[in-house]
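Q: Listed in order, the protein sequences are those of chains S and H. Numbering-wise, my numbering puts 392 at position 392 of the first sequence, and it's gapless, one number per residue. Numbering-wise, my numbering puts 12 at position 12 of the second sequence, and it's gapless, one number per residue.
One or more hints might be untrue.
So the derived label-pair ranges between C-beta atoms look like this [claimed, not checked]:
| no. | chain 1 | residue 1 | chain 2 | residue 2 | range |
| --- | --- | --- | --- | --- | --- |
| 1 | H | Met316 | S | Lys306 | 35 to 41 Å |
| 2 | S | Arg429 | H | Ile275 | 54 to 60 Å |
| 3 | H | Gln257 | S | Arg344 | 55 to 61 Å |
| 4 | S | Thr2 | H | His112 | 57 to 63 Å |
| 5 | S | Pro398 | H | Ile275 | 25 to 31 Å |
| 6 | S | Asp172 | H | Leu232 | 52 to 58 Å |
| 7 | H | Ile275 | S | Asp169 | 36 to 42 Å |
| 8 | H | Pro312 | S | Pro421 | 54 to 60 Å |
| 9 | H | Ile209 | S | Arg429 | 28 to 34 Å |
| 10 | H | Ala276 | S | Leu361 | 46 to 52 Å |
| 11 | S | Ala410 | H | Ser223 | 53 to 59 Å |
| 12 | H | Gly327 | S | Pro398 | 51 to 57 Å |
| 13 | H | Ile209 | S | Ile171 | 37 to 43 Å |
| 14 | S | Leu11 | H | Ile10 | 38 to 44 Å |
Note that these hints are calculated values from the structure, not bench results. As the structure is a computational prediction, the values presented were derived from the model and not from experiment. Every residue gets a Cβ at the ideal spot worked out from N, C-alpha and C, and that includes glycine.
For reference, the chains in residue letters:
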Amino acid sequence: MTLDPIFISRLQFAWVIGWHILLPAFTVGSATFIAVLEGLHLASRRDVYLRVSMFWIRIFSVAFGMGVVTGVVMPFQIGTNWSRYADATSNVLSPLFAYEGLTAFFLEAGFLGVLLFGRTIVPRWAHFFAALMVAAGTLFSSFWILSANSWMQTPAGYEIVNGRFYPVDWIDVIFNPSFLPRLAHTVVAFFITTGFVALGTGAYLIRRGRFPAEGRTLLSMTLWLLTILVPLQIFLGDHHGLNTLMYQPAKLAAIEARWETGRGVPLTLFALPDEKTESNRAAVEIPGLGSLILTHSVRGEIKGLKDFPADQRPPVAVPFFAFRIMVGCGVLMLAVVLLGGWLRWSGRLFENPWYLRLCLLLTPIGFIAVIAGWVVTEVGRQPWTVYGLLRTADSVSPSLAGHDVALSLAGYVIVYLIMYPSGLLLILRIIRGGPASHADKDTTIAAGITEAPVLAAAAISEARKP
Amino acid sequence: MNPVLDFVPIWTVILGASVFLYVLLDGFDLGVGILYGFAPNSVARNILMNSIAPVWDGNETWLVFGGLGLFAAFPLAFSIIIPAVYFPILLMLLALVFRGVAFEFRYRDAEHRTVWDYAFNAGSALATFAQGVVLGSIIQGFKVDGRAFSGSSFDCFTPFSIMTGVALLFGYGLLGAGWLILKTEGDIQKEARRQGRVCLIGIVTAIIIVSLWTPVLNSAVASRWFVIPNILFLAPIPITTAAVAVLTWRSLQNGSQILPFAGGIMLFALSYGGIAISLYPMIAPPNLTLWQAASSGRTQVFLLVGALVLLPVILMYTSWAYWVFRGKVRANIGYH
């Protein structure tokens with residue numbers, strides 16, 4: 001058996017980025033959530049915000065640490081496995097990645113230590129400022145990495161000389177056609193993901209009965225947030241779809257498993273796409289609705305896959321099903337928000353055991369939707385790394401043998417399968433322990449961060465006393 | 001490229017300084033991780049951990065910036081060197097994953113030595129060794145065909161690169177010991193002084209071996225150093241190195257708090273300078289120069305604008321974070 005370095009490199013990239021993206025999906029929203037809680041506490045002096053914030057910081061610190069180490073892996077993937085892609089795109093894409101480092105990574109890392117360990121040794125405003133900077137860092141990071149990602153989907157502002165991309169207009173490069181829709185859709189997805197984790201955690205604390213005040217704060221705050229964000233996300237997702245229709249019609253055809261070009265096409269709810277026969281089996285369709293949703297016009301034209309040469313089509317089944325999983329998650333989320341609004345209106349939000357159980361059950365739903373959406377957009381980009389211009393097959397490092405990549409993939413699989421369950425268990429233990437119940441000075445700190453570093457912080461402040 | 005506006009020198013300086021800063025900063029916290037394996041009890045382990053917990057993340061960010069800076073300013077070097085050191089990079093990344101999560105994971109059970117304590121120690125040592133192998137590979141040079149590395153993924157493992165890998169263990173160990181002398185007191189500091197002396201012997205031996213081996217390995221290096229008049233201009237480097245080594249040894253023995261760390265930094269600066277002199281103007285020896293590897297002028301300018309504004313700001317708030325956590329670290333306070 002010969003191992004194909006291209007296919008295994010793709011598997012490896014999917015593996016390391018798939019696991020990595022779960023962490024920003026949680027930490028981007030959490031960093032902002034913490035900054036908001038700290039701000040509310042500064043403004044209102046209500047203790048419950050501080051207790052919830054310190055509780056959330058403990059969860060955040062575990063996820064952030066994992067996000068850092070799995071994030072360090074990412075830029076090196078471009079060099080180790082995709083060196084021809086690196087060589088071809090470097091003049092255009094590398095500054096975007098480097099700006100992510102300059103504006104985001106340093107900001108997050110520089111202020112994280114103060115956020116986690118500095119509560120007693122810096123002034124209150126400085127600690128709040130650190131929380132703001134960490135949150136800003138996560139958002140800047142999303143900006144740059146999604147700009148680079150979008151450029152690969154919808155390249156703009158470049159010229160090609162001898163098979164390599166050169167920048168012509170940086171504004172066009174950064175604000176390429178799919179960037180803003182993707183940025184909005186992704187960042188809102190990250191906030192929603194955090195929102196559902198907070199919702200589930202709040203429901204858990206209320207059900208346990210030990211920390212009802214904190215649980216209610218978590219549940220109530222995030223439900224308001226989700227009431228705005230989930231409908232907004234459905235609007236943004238639709239907008240993103242229109243963008244894909246315009247710039248990446250082959251991807252859209254794969255998402256819809258549409259083989260023939262046509263007007264007034266049906267909406268395919270379910271099907272088994274078959275690439276060999278170029279048709280769908282067991283299709284369940286609603287007539288006319290496809291064009292209406294995708295083009296906002298009953299007679300709108302949708303291009304079919306057969307309009308594209310076979311070697312320029314993405315795989316069909318993977319984006320097709322992943323998209324339906326994502327949309328299914330969205331529908332469930334909307335149901336949770338509507339149900340929550342009704343319960344709140346009738347004054348039973350914190351009492352209804354079935355609703356609390358539902359919230360608990362749907363804690364990970366955001367992660368599922370994010371991964372599904374990611375698969376849709378990345379598999380849908382195939383067979384290209386730079387859409388329509390640079391093939392995935394021409395992007396891989398030429399020096400790699402199949403067994404080299406198999407060995408490295410095995411390494412990443414083993415390490416991540418040890419680390420992620422350990423991290424998850426740790427976060428579950430933190431949640432089970434709950435927020436600190438009493439707020440005298442030392443214990444609040446101890447609740448805000450892990451035990452031992454408190455000692456460092458306390459020891460330093462102790463040592464500095466005359 | 002416009003010959004009047006050559007951005008390669010300034011990018012060489014920025015990238016060179018960033019990589020050096022990474023080596024110093026993550027060097028001392030990886031070094032603390034290496035020495036962590038020798039800590040006798042949970043109190044000592046907590047102190048070692050606490051001394052670097054608030055800063056390690058920022059330190060490691062310089063590695064990311066070093067990688068991205070190479071990709072941005074000298075992309076051809078990036079796309080030749082990184083695949084050539086495929087396995088050392090893999091080893092480094094996996095080791096850094098284990099070691100990085102250990103900070104959070106071990107605190108749940110800080111009283112006992114758990115798997116994460118071993119992971120922290122072994123991860124620090126492996127990441128260091130892997131970085132040393134990368135350094136050795138760069139000095140050795142790469143087989144290149146067209147615009148890509150054409151050797152095998154195992155070419156980078158040679159006796160020379162294994163030796164530089166081991167050498168870096170001693171080097172980072174020395175920085176780690178210097179940091180611990182600065183941040184701790186009592187028995188832990190005393191132990192760090194002893195470990196510092198062992199590491200100093202190791203790294204000085206390694207510097208001598210590399211200095212003699214590199215010219216044999218690479219004739220360009222020999223003709224750079226061992227011809228008149230170069231040898232006269234460059235002689236101060238080995239002489240200063242020897243003097244710094246002696247001073248560092250003395251500071252490890254007397255009560256100095258800061259000189260061992262400063263001495264370690266100086267030794268790294270001199271060695272780094274020596275390697276730079278040996279290789280210049282090559283970035284991926286034997287044949288790829290900085291200018292050949294450089295990205296387009298537009299790319300370099302676009303990033304330069306941001307780098308010149310942001311890097312000073314980054315250095316400022318990073319210094320502030322270090323300032324916040326200044327002073328000696330103790331483990332027993334706060335347990336009441």
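Q: Against each hint, give a clear statement of whether it holds in the structure.
A: To see whether the hints hold, each was checked on the structure:
no. : hint                             : in the structure
1   : H:Met316 to S:Lys306: 35 to 41 Å : violated (59 Å)
2   : S:Arg429 to H:Ile275: 54 to 60 Å : violated (46 Å)
3   : H:Gln257 to S:Arg344: 55 to 61 Å : holds (60 Å)
4   : S:Thr2 to H:His112: 57 to 63 Å   : violated (48 Å)
5   : S:Pro398 to H:Ile275: 25 to 31 Å : holds (28 Å)
6   : S:Asp172 to H:Leu232: 52 to 58 Å : holds (54 Å)
7   : H:Ile275 to S:Asp169: 36 to 42 Å : holds (39 Å)
8   : H:Pro312 to S:Pro421: 54 to 60 Å : violated (42 Å)
9   : H:Ile209 to S:Arg429: 28 to 34 Å : violated (48 Å)
10  : H:Ala276 to S:Leu361: 46 to 52 Å : violated (59 Å)
11  : S:Ala410 to H:Ser223: 53 to 59 Å : violated (44 Å)
12  : H:Gly327 to S:Pro398: 51 to 57 Å : holds (52 Å)
13  : H:Ile209 to S:Ile171: 37 to 43 Å : violated (52 Å)
14  : S:Leu11 to H:Ile10: 38 to 44 Å   : holds (40 Å)
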